[in-house]
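Knowing the structure of chain Y, use the given hints to seat chain C on it.
Protein sequences, first through last, are from chains Y and C. Note that my numbering has the first sequence beginning at 1, numbered continuously upward. Note that my numbering has the second sequence beginning at 1, numbered continuously upward.
Keep in mind the hints are simulated off the structure, nothing from the lab. Computed from a predicted structure; not experimentally measured. In this text, a Cβ means the ideal position worked out from N, Cα and C, and glycines have one as well. Wrong hints could be hidden among the right ones.
[Unchecked claim] Stretch-level coverage of chain C by chain Y, calculated; a stretch enters the list once three of its residues show a Cβ under 8 Å from a Cβ in chain Y: (1) 119-131; (2) 158-171.
[What the hints assert, rightly or not] Only part of the chain Y face toward chain C is listed, based on derived beta-carbon distances under 10 Å: (3) Met11; (4) Arg67; (5) His71; (6) Glu88; (7) Cys141; (8) Ile162.
2 protein chains.
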Amino acid sequence: MDATIDLISDMGYHRVSIESIAAKAGVGKATVYRWWPTKARLVVEALGSRLEIAPVVSTGELRVDVRALVHSAIEIFTKSPLSHVLPEMATDLDDDPEARAELIRFLGPARAGNLSLLYSAAGRSELPHDVDAGLLLDLICGTVLYRRLLGRRVNSVTVDQIADLIVDRCLPRSVSGFSPTA
Amino acid sequence: MDATIDLISDMGYHRVSIESIAAKAGVGKATVYRWWPTKARLVVEALGSRLEIAPVVSTGELRVDVRALVHSAIEIFTKSPLSHVLPEMATDLDDDPEARAELIRFLGPARAGNLSLLYSAAGRSELPHDVDAGLLLDLICGTVLYRRLLGRRVNSVTVDQIADLIVDRCLPRSVSGFSPTA
Chain Y
1 MDATIDLISD
11 MGYHRVSIES
21 IAAKAGVGKA
31 TVYRWWPTKA
41 RLVVEALGSR
51 LEIAPVVSTG
61 ELRVDVRALV
71 HSAIEIFTKS
81 PLSHVLPEMA
91 TDLDDDPEAR
101 AELIRFLGPA
111 RAGNLSLLYS
121 AAGRSELPHD
131 VDAGLLLDLI
141 CGTVLYRRLL
151 GRRVNSVTVD
161 QIADLIVDRC
171 LPRSVSGFSP
181 TA
Chain C
1 MDATIDLISD
11 MGYHRVSIES
21 IAAKAGVGKA
31 TVYRWWPTKA
41 RLVVEALGSR
51 LEIAPVVSTG
61 ELRVDVRALV
71 HSAIEIFTKS
81 PLSHVLPEMA
91 TDLDDDPEAR
101 AELIRFLGPA
111 RAGNLSLLYS
121 AAGRSELPHD
131 VDAGLLLDLI
141 CGTVLYRRLL
151 GRRVNSVTVD
161 QIADLIVDRC
171 LPRSVSGFSP
181 TA
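Okay, chain Y solo, but in the shape it has when bound (with noise of 0.2 Å):
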């Protein structure tokens, strides 16, 4: 697991090797595909043991709640190894629902926490009571993916419009001193 790990987020998904794992490892390979069938699942148990993924902390304060959203999906999706393991797995996910499976158990615990403290602002009235929160955490953190994916700035700019839009629903604004994101 630490080997697997070590090589992917040194490398990327792709260009590490069951073999490289399992030299890393000292096993032979053949012990680790009687463990794990696929890559894919390997690398996701690997990323579900060794990874913390917690779930934000609510303070009660929606906008203060908001912000460490988007926060940690900056820290999740442009810092750690899953920032590009997840996007480059995608093919591979596709043609294996048992991996795709284990990754949602793996990010389930942190997403059901997140949940939580939007539908706990939803019973305090500060969102709407039928909001889809699923839709708003996939919403963060799928801007910041894609804005990573692409190379484009993901800062306290994109913290602060990511609020507005969610607390205030007001929509971004070009902020001065800053170019729009064109």
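Only chain C this time, still in chain Y's reference frame:
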């Protein structure tokens, strides 16, 4: 170029080698490397020369136009070769600024057209005059792409939810008859 698109459409970016592209095109590997120093540049140029990514044609009505933007993102990020090739290139693009610049050039005309559509709505005061239209486009594309990576539903409900958010500034609701997207 056709050989490249055919192979990556079928197999994904990482399972295709320069060798297999050269073989399918009936040329030597050295010939391919003479023109394209990296696989990322070859693939981005092939996408640019063979894939039509058109901007949405404005109707002058914001809701219709935003719905068309979301539909267009769904076409591109759940159906076209870009849907898996772009995420799969994550690590290679980080290491290959020329390939990323070429990708941004290839996506540029469609993005410029879509920015024009949103700024035109701002000109009619249907959006804030200083709206960050680039972020709105990234939000639309990113939400669709992220949900596709995790295998979550992207459909007409998603189109309605994003249009309601941008046009009416209503946060996404869980639609009756659909379970929340937890």
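Here is what the structure says about each hint:
1. 119-131: The restraint on the stretch 119-131 of chain C holds, since 4 of its residues have a Cβ under 8 Å from chain Y and three suffice.
2. 158-171: holds (count 7)
3. Met11: 8 Å, holds
4. Arg67: With a closest approach of 16 Å, the arginine 67 of chain Y hint is violated.
5. His71: With Cβ-Cβ at 17 Å, over 10 Å, it is violated.
6. Glu88: Since the shortest Cβ distance to chain C is 5 Å, the answer is holds.
7. Cys141: This interface hint holds because 5 Å falls under the 10 Å limit.
8. Ile162: 8 Å, holds
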